[in-house]
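Undergrad: Next come the chains, spelled out residue by residue.
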Amino acid sequence: MLMKTIYLDNGATTKVDPKVLEKMSVYYTEKYGNASSLHHKGQEAKMGLEEARESIAKSINAKPSEIIFTSGGSESNNLAIKGVAFSKNNRVHLITSEIEHHSVERTFEELKRQGYETSFIKVDKEGFVDLVQLENEIKENTVLVSIIHGNNEIGTIQDIETIGKICKKKKVLFHIDAVQSFTKVPIDVKKINVDLISLNAHKIHGPKGVGALYVRDGVKLKKLNDGGDQEYRLRAGTENVPGIIGFAEAVKLANNSSNIKHMTKLRNKLIDGLLALEDVRLNGPSIDESKKLFGKDDRRLCNNINISFKYVEGESIGGYMDAKGICSSTGSACSSKSLKPSHVLTAIGLTPEEAHGSIRLSLGKFNTEEEIDLVLEVLPAIIKKLRKISPLIK
Amino acid sequence: MEAYNKKVLALFKHPKNMGKIENPDGLGKVGNAICGDILWVYIKVGKNKKGQEIIKDIKVSTTGCIAAITSSSMVTQLAKGKTLEQAEKITKEDVNNALGKLPEIKFHCSILAQDALKKAIQDYRSKKNK
Ligand SMILES: Cc1ncc(COP(=O)(O)O)c(C=O)c1O
Ligand code: FES
Chain A
349 MLMKTIYLDN GATTKVDPKV LEKMSVYYTE KYGNASSLHH KGQEAKMGLE
399 EARESIAKSI NAKPSEIIFT SGGSESNNLA IKGVAFSKNN RVHLITSEIE
449 HHSVERTFEE LKRQGYETSF IKVDKEGFVD LVQLENEIKE NTVLVSIIHG
499 NNEIGTIQDI ETIGKICKKK KVLFHIDAVQ SFTKVPIDVK KINVDLISLN
549 AHKIHGPKGV GALYVRDGVK LKKLNDGGDQ EYRLRAGTEN VPGIIGFAEA
599 VKLANNSSNI KHMTKLRNKL IDGLLALEDV RLNGPSIDES KKLFGKDDRR
649 LCNNINISFK YVEGESIGGY MDAKGICSST GSACSSKSLK PSHVLTAIGL
699 TPEEAHGSIR LSLGKFNTEE EIDLVLEVLP AIIKKLRKIS PLIK
Chain B
71 MEAYNKKVLA LFKHPKNMGK IENPDGLGKV GNAICGDILW VYIKVGKNKK
121 GQEIIKDIKV STTGCIAAIT SSSMVTQLAK GKTLEQAEKI TKEDVNNALG
171 KLPEIKFHCS ILAQDALKKA IQDYRSKKNK
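In order, the protein sequences belong to chains A and B.
Counted from 1, the first sequence has number 564 at position 216 by the working numbering; the numbering is strictly sequential.
Counted from 1, the second sequence has number 170 at position 100 by the working numbering; the numbering is strictly sequential.
Quick caveat, the hints were computed from the structure, so don't treat them as lab data.
Note that CB positions come from ideal geometry on N, CA and C, so glycine has one too.
Some clues are possibly wrong.
What the hints assert, rightly or not - Each computed DSSO-like pair below joins lysine-lysine, with the alpha-carbon atoms no more than 30 Å apart:
no.: 1; chain 1: A; residue 1: K352; chain 2: A; residue 2: K379
no.: 2; chain 1: A; residue 1: K732; chain 2: A; residue 2: K658
no.: 3; chain 1: B; residue 1: K117; chain 2: A; residue 2: K658
no.: 4; chain 1: A; residue 1: K736; chain 2: B; residue 2: K77
no.: 5; chain 1: B; residue 1: K114; chain 2: A; residue 2: K733
no.: 6; chain 1: A; residue 1: K556; chain 2: B; residue 2: K76
no.: 7; chain 1: B; residue 1: K90; chain 2: A; residue 2: K742
no.: 8; chain 1: A; residue 1: K733; chain 2: B; residue 2: K189
no.: 9; chain 1: B; residue 1: K117; chain 2: B; residue 2: K200
no.: 10; chain 1: B; residue 1: K83; chain 2: A; residue 2: K688
no.: 11; chain 1: B; residue 1: K189; chain 2: B; residue 2: K162
no.: 12; chain 1: B; residue 1: K200; chain 2: B; residue 2: K126
no.: 13; chain 1: B; residue 1: K83; chain 2: A; residue 2: K617
no.: 14; chain 1: B; residue 1: K83; chain 2: B; residue 2: K152
no.: 15; chain 1: B; residue 1: K200; chain 2: A; residue 2: K688
no.: 16; chain 1: A; residue 1: K688; chain 2: A; residue 2: K658
What the hints assert, rightly or not - Computed beta-carbon distance windows for the label pairs:
no.: 17; chain 1: A; residue 1: F714; chain 2: B; residue 2: D127; range: 45 to 53 Å
no.: 18; chain 1: B; residue 1: G89; chain 2: A; residue 2: N484; range: 49 to 57 Å
no.: 19; chain 1: B; residue 1: K77; chain 2: A; residue 2: A729; range: 20 to 28 Å
no.: 20; chain 1: A; residue 1: V374; chain 2: B; residue 2: A103; range: 54 to 62 Å
no.: 21; chain 1: A; residue 1: M351; chain 2: B; residue 2: A103; range: 33 to 41 Å
Unchecked claim - Take a look, some chain B residues computed to stay more than 10 Å from chain A by CB distance:
no.: 22; residue: N75
no.: 23; residue: K114
no.: 24; residue: Q147
no.: 25; residue: K152
no.: 26; residue: E155
no.: 27; residue: I181
no.: 28; residue: K200
If we strip away everything but chain A, and leave its shape as in the complex, we get:
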């Protein structure tokens, strides 16, 4: 029997939009030149590269010269944080939150091993950074605050406008990891005070292995990759032109508010349907309050659902969903190889048991309402089946 896939793991990665692939393939087979070459094939590629830079810059109201292409979100985060730290002569102080992606969390751990001072800011039960603690932690030798914009596990969208103001007042640089929020939450670098932004392509129906770092004019970074003079001498290596072309096309296609409306509607339906079950809790910001905090904007990523089911194990739920063709995730994709509960769920106050009973469903623009209806049939039945074999239930 051929089973239809229902892909609800768009927070891990997304399907490449066929229109993106179409644009890319030209740069593999026809415009294949090295963008650093002076001949016409090189210049052809260079032109595509610079157009892509311009269009991605425009999407956040930045200048093209402020966009550095990288191999993805992880590299962008490393370049932003280590780049700032290594540009200083002393072992300075850097601040982040307790709910970061591994590529930020472990970069901070590495800096700490090297003798830098680091602080991890607490979050509340919905995952919002404690702004009072944040402001208090900023000291004389603090150089950078790095905060995840849209959380990959629980969907919390931080108030970067306020954090940006605090950073400006205290004269420290502000970096955001916007890998999950990019094109889902508007970012305008002229309106908010942010100095560095990590972006990537594969969460928005673009190719894997491509990303960018926005570096505000005047911000000094120490490069991590030595070699050629590419990317304003901040990142050596022949540019992945086809990938970058695909990235720009993905951004263009994502710049469409109907996608967000579509995902928000499906998200709300799925959350409402699942919260109707017994002994469940939504992890991350609630959605009924969502319109209030930032005025018209949502406080939760339009595509994120994270739910804990009491008395059962997330991996088992995921296993039975997969048997029905539904792709979901437990914790974040990279940490599902560890038995330890997710640090994000722990940070928002879940017990290990609650954290273990959680699954993340993350939507993409290709998901349909019929798929959500089917999940709302299948998932409650799975929970029932697993609870039947749970010793904690009579």
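With chain A's structure known, arrange chain B with the ligands on it following the hints.
TA: Below, chain B with the ligands without anything else, positioned relative to chain A:
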């Protein structure tokens, strides 16, 4: 999800002997200290033709993961009908031989059921000797 082999995933879809026994002759409770999950084994004891005590019925309930569910299903399948002495000797290797290797990181999950079974047998004996 950690990669499981085909045999494990097939058994996971239809695990055997899952659930509870009302008024079991023996009950063994264990917990996984690493993840916080728990697993209980329930047994009913009968006699075979030679008059030896055997596991007449066995069930498992757990809050655990795929490794916990499939390894416990396999332990119950191996134990059912065996004498108590044979059942006590079921090892990780027996489960591995029947099921193929479980992921390394799931070691603690995959020994829960055999430990709980031993405890259930002890529980039965201590009740009997009262
Ligand atoms: C919030 C966040 N930051 C960074 C990354 C890493 O991005 P990449 O996979 O492009 O290295 C991811 C996704 O994996 C993410 O969700
Ligand atoms: S992770 Fe808890 S039993 Fe395997």
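Undergrad: Each hint: holds or not?
TA: Here is how each hint holds up against the structure:
1. A:K352 x A:K379: violated (37 Å)
2. A:K732 x A:K658: Roughly 11 Å between the alpha carbons, so the hint for K732 of chain A and K658 of chain A holds.
3. B:K117 x A:K658: Violated, at about 39 Å.
4. A:K736 x B:K77: Roughly 23 Å separates the two Cα atoms, so the pair holds.
5. B:K114 x A:K733: Status holds; Cα separation ~23 Å.
6. A:K556 x B:K76: Holds, at about 28 Å.
7. B:K90 x A:K742: holds (9 Å)
8. A:K733 x B:K189: holds (26 Å)
9. B:K117 x B:K200: Distance ~20 Å between K117 of chain B and K200 of chain B Cα, so the pair holds.
10. B:K83 x A:K688: holds (25 Å)
11. B:K189 x B:K162: Holds, at roughly 16 Å.
12. B:K200 x B:K126: It holds: about 22 Å lies between the C-alpha atoms, which stays within 30 Å.
13. B:K83 x A:K617: holds (28 Å)
14. B:K83 x B:K152: It holds: about 25 Å lies between the C-alpha atoms, which stays within 30 Å.
15. B:K200 x A:K688: Given pair K200 of chain B, K688 of chain A is violated - Cα atoms ~41 Å apart, limit 30 Å.
16. A:K688 x A:K658: It holds: about 17 Å lies between the C-alpha atoms, which stays within 30 Å.
17. A:F714 x B:D127: 45 to 53 Å: Roughly 48 Å apart at Cβ, these two residues keep to the hinted range, so it holds.
18. B:G89 x A:N484: 49 to 57 Å: holds (54 Å)
19. B:K77 x A:A729: 20 to 28 Å: holds (25 Å)
20. A:V374 x B:A103: 54 to 62 Å: At roughly 56 Å between Cβ atoms, A103 of chain B and V374 of chain A fall inside 54 to 62 Å, so the hint holds.
21. A:M351 x B:A103: 33 to 41 Å: holds (37 Å)
22. N75: N75 of chain B clear of chain A: closest Cβ-Cβ about 13 Å, beyond 10 Å.
23. K114: With a cut-off of 10 Å, K114 of chain B remains clear of chain A, as the shortest Cβ separation is near 17 Å.
24. Q147: It holds; Q147 of chain B is separated from chain A by about 15 Å at its closest Cβ, greater than 10 Å.
25. K152: holds (22 Å)
26. E155: Answer for E155 of chain B: holds, closest chain A Cβ roughly 26 Å.
27. I181: Its Cβ never comes within 10 Å of chain A, the nearest being 14 Å, so this holds.
28. K200: Holds, since 24 Å exceeds 10 Å.
Consistency note: the structure conflicts with the earlier hints numbered 1, 3, 15.
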